[in-house]
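Novice: What follows is the residue order along each chain.
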Amino acid sequence: MNAPALLPERATDRQILTYYGLPAVKPSLWGGLVSGYIFIAGVGGSAQIIATAADFARDPRLAPVIRQGRYIALGAAILGAPLLIIDLHTPQRWYNMLRICRRTSPMSIGTWVLMSFGLSSFAVAALQYVSGRLRRPSRTMQTTMKLLEVPAALTGMAMSTYTGALLSATSTPLWAAAPCQIAALFGASAMASGTAALALAGQCRGASSEAGRALDRIAFLASAVEVVLMLSLRRRLYEKGVAEALGDRGSGLAYDFGAVMLGAGVPMLHHGRRILRPNRARRPSMMVSLAVLAGGFLLRHILLSAGNDSARRPNDYFRFAGGPRQ
Amino acid sequence: MGSNMAENHPIAFRFALQAKERGATLIHVDPRFTRTSALCDIYAPLRPGSDIAFLGGIINYILEHDLWFKEYALAFTNLSTIIDERFQDASELDGFFSGWDEESRSYKYDSWQYQGEVVPASLAEHYVNTTESFADKTKRMEKGPPPRDPTLQHPHCVYQILRRHYAAYTPEMVERTTGCPREVFVKIAEALARNSGRERTGTICYAVGWTHHTTGVQMIRAAAMIQGLLGNVGRPGGGILALRGHASIQGSTDIPTLYNMLPTYLPQPNAFKPHKTLKDYLQHERTPTGWWHNFPKYAVSLLKAWYGDGARADKEFGYGWLPRIVGDHSQLPMTLAMRDGVIRGMFMLGQNPAVGGHNAGLVQRGLAELDWLVVRDMTETETASFWYAGRPVRDGEIHPRDIRTEVFLMPASLAAEKAGSVTNTHRLLQWHDKVVSGPGDSRSETWFIFHLGRRLKQLYSASKNPKDAGLLALTWDYPTEGEEEEPSADSVLKEMNGYTWPERRQIESFQQLKDDGTTACGGWLYCGVYPNEGDNRARARHPDGPEGPGTHLGWAWAWPANRRNMYNRASADEQGRPWSERKRLMSWDPARDEWVGPDVVDFEPKKPPGYQPDWGENPTGMEALGGDCPFIMIADGKASLFTPSGLKDAPLPAHYEPVESPIKNPFYGRQSSPVAKVWNRPDNRLHEPADPRFPYALTTYRLTEHHSGGIPTRTVPVTAELQPEAFAEISPELAEQLGIRNLDWVTVATLRGEVEVKALVTERVRPFRLDGETVHEVGLVWHFGWKGFAQGDIANILSAVVGDPNTSIHEGKAFTCSLRRGRREAAR
Amino acid sequence: MTVHPRVLDYPQSFLPGVIPDEAELTAGQRVGAGRSYGFFTDTTLCIGCKACEVACKEWNALPADDLGLRGTSYDNTGDLSATTWRHVHFIEHIAENGGRATTMPPFQSNWLMMSDVCKHCSPAPCLEACPTGAIFRTEFDTVVVQQDICNGCGYCVPACPFGVVDVSLEDGKAHKCTLCYDRLKGGLEPACAKSCPTDSIQFGELGELHDRAHQRVEVLHAKGVENAYLYGAPGTPGATGGLQQLNAFFLLTAPPETYNLPRAPSRPAERVGPSLAAGLATIAGLAFASLAMFAAGRAD
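Residue numbers (this note's numbering), protein chains in the order written: chain A, 1 to 326; chain B, 1 to 828; chain C, 1 to 300.
Okay, chain A solo, but in the shape it has when bound (with noise of 0.2 Å):
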């Protein structure tokens, strides 16, 4: 008897109904702090992937960039955790965090990847700059780090895409709406700007064009995939009828400009010329790392104030909760 039959006919999108316009669901309480903690994580996560997919080249003339990849992921797990702990609303309870491990909360999973990229991190850096003063690290100093680099790695994987799952497991229509394209997208943002921090860390303590080459290929192909999949993830948005949010001025302009033309689209073209054209001098490739990271920051700053704002719009999350299309 309670047949769909019986539930009386929605208007059209056009008029849909909305009680006085007031918010449906709550916005997150998230601002600048945990969009710079979801930045800092792609950022030191992918470094150490990319440090380990160095190290398993074995190719000695990526010595730096596996040291630098080490050092930055280390200093982003240092910087993530008190950021997280800051935007506590009862910090001084933060260790509640780790009474329990549930998967169904990316919240909790993300204190456990935290947690042991953390460790992890920590003890492979230390490693690192231990036999780095060693005259001859002993072997078994290596194989620890080799041992240590995977699950530190893998962390990392998670470090830097857990954070789409963060978003995308909640109710805010914006972000509920494309849970894959969101994580992939932070994903690939992610390992976009650990190769752009590679880079300038590369540029600031030198390393070798080898290294160089083989970010610039790296940088290409992840701002590739970020744009591809930046466009996709608008689509997806606007077919849940969820877009209107990052179709503002303010935060549609900084999408398209901001994160999708500097932080990826520029960054693409140009490591592409690079590619094709290797001898160029090296100097422009600064700025583009800067606009990279920027890029980088930007977007997650706007798909998480967006994601705010389309939880403040009655009509985005009806059309998201609106079951089957009549």
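Source of the hints: derived by calculation from the structure; they are not laboratory data. All values reported here derive from a predicted model rather than from experimental measurement. Some hints could be false.
Calculated pairs, DSS-like style, for lysine-lysine (alpha carbon to alpha carbon, straight line, at most 27 Å) [to be verified]:
(1) C:Lys194 / B:Lys434
(2) B:Lys70 / B:Lys583
(3) B:Lys276 / B:Lys297
(4) B:Lys279 / B:Lys143
(5) B:Lys514 / B:Lys315
(6) B:Lys583 / C:Lys223
(7) B:Lys648 / B:Lys273
(8) B:Lys20 / B:Lys273
(9) C:Lys185 / B:Lys20
(10) B:Lys20 / C:Lys223
(11) B:Lys279 / B:Lys467
(12) B:Lys187 / C:Lys223
(13) B:Lys606 / B:Lys514
So the derived list for chain C, only partly shown, Cβ under 10 Å to chain B, looks like this [what the hints assert, rightly or not]:
(14) Leu8
(15) Pro11
(16) Gly17
(17) Val18
(18) Pro20
(19) Leu62
(20) Asp66
(21) Gly71
(22) Ile94
(23) Thr103
(24) Asn110
(25) Lys194
(26) Asp199
(27) His221
(28) Lys223
Ideal placement from N, C-alpha and C gives every residue a C-beta, glycine not left out.
Use these hints to put chains B and C onto chain A, whose structure you have.
Specialist: Relative to the frame of chain A, chains B and C by itself:
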């Protein structure tokens, strides 16, 4: 009608919804679509103050379509009674009834009487003089039955008079006057009529939506006539339910705060009536026939309760000590007397007239004229703070230093902080115990009055002045309890119940009361609530349980005599048989020779239905009422479709416009009630009918979220936040016309003053289309003031001091106003 | 509601103490651990008196939070929050066909009122999102935030598909309706249900409430209220997308959106898997590509 039950009596509305669950049709007739309307089957919009047009239309519809319940109305009402042939009704005299005396601006009631007989009024509250004294004329009521024509053919019988009087109240006229579409009106008339007869009954609920009119009593009368015609009185599921204000407002009518009545509806002695001696008083006020024939027993027992051993037979039981009234001492004229400096001091116990009093600006200016003012409340009220925060003070009209009024603010305890009983809408006395002590120095009203009396008696103890003798004779010996010397509320209830004197043994029934000074009783209708020592029936909590009859006689105690359904003799037919099995309540059991049923019969328990008075014996009291006369409080025992005595304005309800109305009376040349109490003076100016400066119909009302003057709810955060600010409700049509958007400030003005509130533009308010003309309505909530968390301008600043001629109740539900966008000048 | 026979056991006007298993008298059933309890809120009986809001705030000692006139009919509360756990919606639909309603379907119509509350979903997204275990399922199958555990991460706030739970900036903890956990433990009916004068809010064991609700829908349909339907009972709108049922469910007569309710809410936890998988797959691909590129560099 006249009630917004779901909003203002939400607990009682539970039962309306349960009836609905069982198939009842709920109908709401109201100027606004309210939370009550939302739960009803039919909603009829009605221009404020046009209720009698609507009700008269129903009476007309019932009579014209012959839908009345013949067996009931012929047997139990005065439908067939023949009226004095000099009587002329409003349709013949363009809005007046016969007997109008232009000079005194009042009616002479001779032509309203039964043919050849004068009928005494039954309630002291509605005391009315004919040109001759009752005492001589009413004797005739004992001589024989009132003249009747059961064939209803006599041109002067009530039936024929009704038909003539209401012939003009057609559905078309109803629509023209009330704004209710005629098809909706007809649907309602049909629904009411079809829901009557042997198998079915209907009930009409009203509240202050009816009483707050200059024609309030007549509105209720009109409803009573419908119920009489349809056979809906004294039967289960029938009746007219007066939904009383708050928990014990019924109690404050029974043991009255009213100036013209002594406890339980005994008349206050009047200096201008033949009340000089006790003998005069008793003889004059006693009705020869019907229950009120017992009046002397009740009056003497009351005097005995008050004056105890001082109430000696040779000293008229202390009757001489009772104060005499000399006119209308109700709230409205008292407000003016205060303003004019006649009244020098005032006690305000749990009342907030700076908000609730009409023409509130005048009230506040009046308070400023007092020498002293005592306010007892749970917090500082508007009334207590008028001298520094009142409207005239804030507007710079009066300066606090010029106000000489000395204000005493005293903390009062709330209900849970004291013991006592409340008497609710259906006359049920329920006792409540003290749960906690009030904070600080707060004390109960009983404490305050008791100790005030005690100290006054002490102060005058040496006085030999005769005027103080009454005070000194007063029995004032309630035992006190505890450190605070709280007088025992229990002992007060015992006194109201009554006991023998001087033994002070509790009595069980008012049948035991005597007029010789051997019984004392503070209120005869409350006799039986405390029948034995330690047996406070108001404390009883024995419901019937799942299998019981549902009258719950064991749950608390209802006056009179724990009777739950008044006039329940009428639940059986003339011969004493139930009208139907479905509607069975009381019936005559020939085997046991008595009335039986799950209620306490409202009749002499052993009087058979066939009993007829032996008129040769000059029967008096109940002897003069036949076994087929259920309405024992009325002199002839029949429901008065036509009221010969007791009302000052009309024997039959006729539609008069409110004193202030946006239109001319469509029915008669006479615009408003000719006897309405009107005080037209510079500080209480009134609008002419259809004054173009004040084109909108204004009505004021309450919200579920707030309580009366607002002090108990506006000062409590969790209730204040629910309705945090005053507002005016206007229709989208009017809003568009005046360029007002939702939540804009608007200023509502009358000649008495103006208020600024936020606008709430809502479809719940609609324009009334009357004969091509559109009348817009403005609705204003009146709870607000400047104290507490929820604040706003006081709506009653706009209202006028005008009142019903019978009750002096103000007309707060219908007047006119102007409206504009923006704030008041003075507030800027 | 008929009178419970046990009512006859307490004829005193001043009771000696708390009545054992008082819920049996007031709601018709005893409260016992291990069974599922909830609310059936029948909007057709709601008169919008807000007694539930007041009773809730009084019992739970919640402060007033907003004193503004909102201009949204008689709703001056706006939404559920950390300090408001019951909220009555008011929706005016008086105008129809160019005129105004006069004849209406029986029971509440044209001015819709609905007392909203935490749905105590099963499974509960807030609980599933809580990383500390502060939110737990009680022995009465209700969902409660333990104040001494919560660290105010706020993740439950966007997780809730109904916008119920909120973090108080005063004390930094998440708050929401507890379905009067303390009262249930004492055998009492929740404060809002007990205070509801028209039994619009009914408390009870879920199975029985479901039966009662389905019967009520049938009765209403028979009386001509054709648009009455349940929201949040198993298999009805509201119990969708992985949400098996809402322990606080509703009888509505207008589209859910009218009452600010989503037609087809979903369980956020169901998005964790796909999201993680997509993210990890992407980054794993890029990681292997990186390895390949580094390795390619070595081959040069």
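Novice: Determine which of the earlier numbered hints do not hold for this structure and return their numbers in increasing order.
Specialist: 8, 9, 16, 17, 18, 25, 27
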